[in-house]
Amino acid sequence: GAVVSQHPSRVICKSGTSVKIECRSLDFQATTMFWYRQFPKKSLMLMATSNEGSKATYEQGVEKDKFLINHASLTLSTLTVTSAHPEDSSFYICSVPTRGLGTEAFFGQGTRLTVV
Amino acid sequence: DQQVKQNSPSLSVQEGRISILNCDYTNSMFDYFLWYKKYPAEGPTFLISISSIKDKNEDGRFTVFLNKSAKHLSLHIVPSQPGDSAVYFCAAYSGGSNYKLTFGKGTLLTVNP
Chain A
1 GAVVSQHPSR VICKSGTSVK IECRSLDFQA TTMFWYRQFP KKSLMLMATS NEGSKATYEQ
61 GVEKDKFLIN HASLTLSTLT VTSAHPEDSS FYICSVPTRG LGTEAFFGQG TRLTVV
Chain B
1 DQQVKQNSPS LSVQEGRISI LNCDYTNSMF DYFLWYKKYP AEGPTFLISI SSIKDKNEDG
61 RFTVFLNKSA KHLSLHIVPS QPGDSAVYFC AAYSGGSNYK LTFGKGTLLT VNP
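In order, the protein sequences belong to chains A and B.
The first sequence stops at residue 116 when you use the numbering used here, and every number in between is there.
The second sequence stops at residue 113 when you use the numbering used here, and every number in between is there.
If you're looking for bench data, these hints aren't it; they were derived computationally from the structure.
It is possible that part of the hints are untrue.
The following residues of chain B were derived to be distant from chain A, with all beta-carbon distances above 10 Å [claimed, not checked]:
1. 4
2. 18
3. 44
4. 69
5. 85
6. 106
In silico SDA-like links for lysine to any residue, alpha-carbon gap of 25 Å or less [said to hold, decoys possible]:
7. 14/A to 42/B
8. 100/B to 70/A
9. 105/B to 72/A
10. 71/B to 42/B
11. 5/B to 3/A
12. 105/B to 73/A
13. 100/B to 13/A
14. 55/A to 45/A
15. 5/B to 43/A
16. 54/B to 98/A
17. 105/B to 55/A
18. 20/A to 56/B
19. 14/A to 61/B
20. 100/B to 45/A
21. 105/B to 57/A
22. 55/A to 40/A
23. 42/A to 54/A
24. 100/B to 3/A
25. 100/B to 48/B
26. 14/A to 41/B
27. 55/A to 83/B
28. 105/B to 89/A
29. 100/B to 12/A
30. 42/A to 54/B
31. 42/A to 83/B
32. 14/A to 39/A
33. 100/B to 14/A
34. 5/B to 58/A
35. 56/B to 113/B
36. 14/A to 40/B
37. 64/A to 3/B
38. 64/A to 100/B
39. 66/A to 27/A
40. 105/B to 63/A
Keep in mind it's a predicted model, so treat the numbers as computed, not measured.
We put the beta carbon where it would ideally sit given N, CA and C, even for glycine.
Kindly produce the complete structure, drawing on both the sequences and the hints.
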């Protein structure tokens, strides 16, 4: 069964609206989760590190006011794309590091965001 | 600056033959390397990994080779099966990075029946 559950898998929204994506760790507690974004024919680009109970750490070039991350519990991190624009359309994926259990990261199923 | 490079965007092989996927890295601080397989519209799934203290790790049909001096690793799949058709990502991290993975751009493997 899935270790990391990401929801929704697909969302279409209008420009200017906000979209929330959830990432749940099902089998273990996660003090850290990672959010990635994948552009077509590009690698997975790390956007930010979500830290339980504290502020997220954003990678260079990622607008923290645009991509709001909340990690309120040890099993849930959310990414909110605020005031979405068509250029925000992408595939967003979360991951949970497993810290030595062999795979180092389980990934969610991903969310295909389309902003129209 | 891309720290993990997969220079072949695609690879096509015949069923039953060997598939060899290559990956180069530039960051000498990386000490753990992983291969992920990804189908369209799904998250990556872990395939196999190797620590920098090893030069080979084998798991069934999958073998990863690491050449530290050349900063190069490769994934061998033998025999290749049509179900192996997917995008394969090479990833790496350093022990001090809080398990933050750096990915290559991926290689699309197509295994023809």
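For each hint, the structure was consulted:
Residue-level check failed: residue 4/B sits 8 Å from the nearest beta carbon of chain A, not beyond 10 Å. Separation of residue 18/B from chain A is adequate, the least Cβ-Cβ distance of about 24 Å exceeding the 10 Å criterion. With a closest Cβ-Cβ approach of about 5 Å to chain A, residue 44/B is found to fall inside the 10 Å limit, against its non-interface label. With a closest Cβ-Cβ approach of about 24 Å to chain A, residue 69/B is found to remain outside the 10 Å limit, as its non-interface label requires.
Distance check on residue 85/B: its Cβ is at least 17 Å (rounded) from any Cβ of chain A, clearing the 10 Å threshold; non-interface status holds. Not every CB of chain A lies more than 10 Å from the CB of residue 106/B, the least distance being 6 Å, so the non-interface label is violated. Simply put, residue 14/A and residue 42/B have alpha-carbon atoms about 23 Å apart, close enough for the 25 Å limit, and the pair holds. Distance check on the hinted pair: residue 100/B and residue 70/A sit about 18 Å apart at the alpha-carbon level, within 25 Å; holds.
At most 25 Å may separate the alpha-carbon atoms for a hinted pair to count; residue 105/B and residue 72/A exceed this at roughly 32 Å. Restraint check: the Cα-Cα separation between residue 71/B and residue 42/B comes to about 29 Å, which exceeds 25 Å; the hinted pair is violated. Using a Cα cut-off of 25 Å, the hinted pair residue 5/B and residue 3/A is violated, with the two alpha carbons roughly 28 Å apart. As the CA atoms of residue 105/B and residue 73/A are separated by approximately 32 Å, the hinted pair breaks the 25 Å bound.
For the given pair, residue 100/B sits about 30 Å from residue 13/A by alpha-carbon distance, which is inconsistent with the 25 Å threshold. Distance restraint check for residue 55/A and residue 45/A: the Cα-Cα separation of roughly 20 Å lies within the 25 Å cut-off, and the hinted pair is therefore satisfied. Restraint check: the Cα-Cα separation between residue 5/B and residue 43/A comes to about 10 Å, which is no more than 25 Å; the hinted pair holds. Between the alpha carbons of residue 54/B and residue 98/A the distance comes to roughly 21 Å, so the proposed pair stays at or under 25 Å and holds.
In summary, the hint linking residue 105/B to residue 55/A is not supported, as the alpha carbons are separated by about 29 Å, beyond the 25 Å threshold. A hinted pair counts as satisfied when its Cα atoms are at most 25 Å apart, and residue 20/A with residue 56/B does not qualify at roughly 42 Å. Restraint check for residue 14/A and residue 61/B: the C-alpha separation of about 46 Å exceeds 25 Å, so the hint is violated. For the hint pairing residue 100/B with residue 45/A, the CA-to-CA distance comes to about 11 Å; that is within 25 Å, so the pair holds.
Between residue 105/B and residue 57/A the CA atoms are separated by roughly 23 Å; this keeps the pair inside 25 Å, and the hint holds. At most 25 Å may separate the alpha-carbon atoms for a hinted pair to count; residue 55/A and residue 40/A exceed this at roughly 29 Å. Distance hint between residue 42/A and residue 54/A is unfulfilled; the C-alpha atoms sit about 30 Å from each other, more than 25 Å. A distance of roughly 18 Å separates the Cα atoms of residue 100/B and residue 3/A; the hinted pair therefore holds under the 25 Å criterion.
Annotation: proposed proximity of residue 100/B to residue 48/B holds, straight-line Cα distance about 17 Å (limit 25 Å). Simply put, residue 14/A and residue 41/B have alpha-carbon atoms about 21 Å apart, close enough for the 25 Å limit, and the pair holds. A distance of roughly 41 Å separates the Cα atoms of residue 55/A and residue 83/B; the hinted pair therefore is violated under the 25 Å criterion. Between the alpha carbons of residue 105/B and residue 89/A the distance comes to roughly 19 Å, so the proposed pair stays at or under 25 Å and holds.
A threshold of 25 Å between alpha carbons decides the hint, and for residue 100/B with residue 12/A the separation of about 29 Å lies outside it, so the pair is violated. Distance hint between residue 42/A and residue 54/B is unfulfilled; the C-alpha atoms sit about 29 Å from each other, more than 25 Å. Our distance criterion of 25 Å between C-alpha atoms is met by residue 42/A and residue 83/B, whose separation comes to about 23 Å. Of the pairs offered as hints, the one joining residue 14/A and residue 39/A holds, with about 20 Å between alpha carbons and a cut-off of 25 Å not exceeded.
The hinted pair formed by residue 100/B and residue 14/A fails the criterion: a straight-line CA distance of about 32 Å is larger than 25 Å. Annotation: proposed proximity of residue 5/B to residue 58/A holds, straight-line Cα distance about 23 Å (limit 25 Å). Taking the CA atoms of residue 56/B and residue 113/B, the gap is near 29 Å; set against the 25 Å cutoff, the hint is violated. The suggested pairing of residue 14/A with residue 40/B holds, with an alpha-carbon distance near 24 Å, which does not exceed 25 Å.
Distance restraint check for residue 64/A and residue 3/B: the Cα-Cα separation of roughly 24 Å lies within the 25 Å cut-off, and the hinted pair is therefore satisfied. Between residue 64/A and residue 100/B the alpha-carbon distance is near 18 Å, which keeps this suggested pair within the 25 Å criterion. For the given pair, residue 66/A sits about 30 Å from residue 27/A by alpha-carbon distance, which is inconsistent with the 25 Å threshold. Pair hint residue 105/B plus residue 63/A holds up; C-alpha atoms about 23 Å apart against a cutoff of 25 Å.
In this structure, the hints that do not hold are numbers 1, 3, 6, 9, 10, 11, 12, 13, 17, 18, 19, 22, 23, 27, 29, 30, 33, 35 and 39, in rising order.
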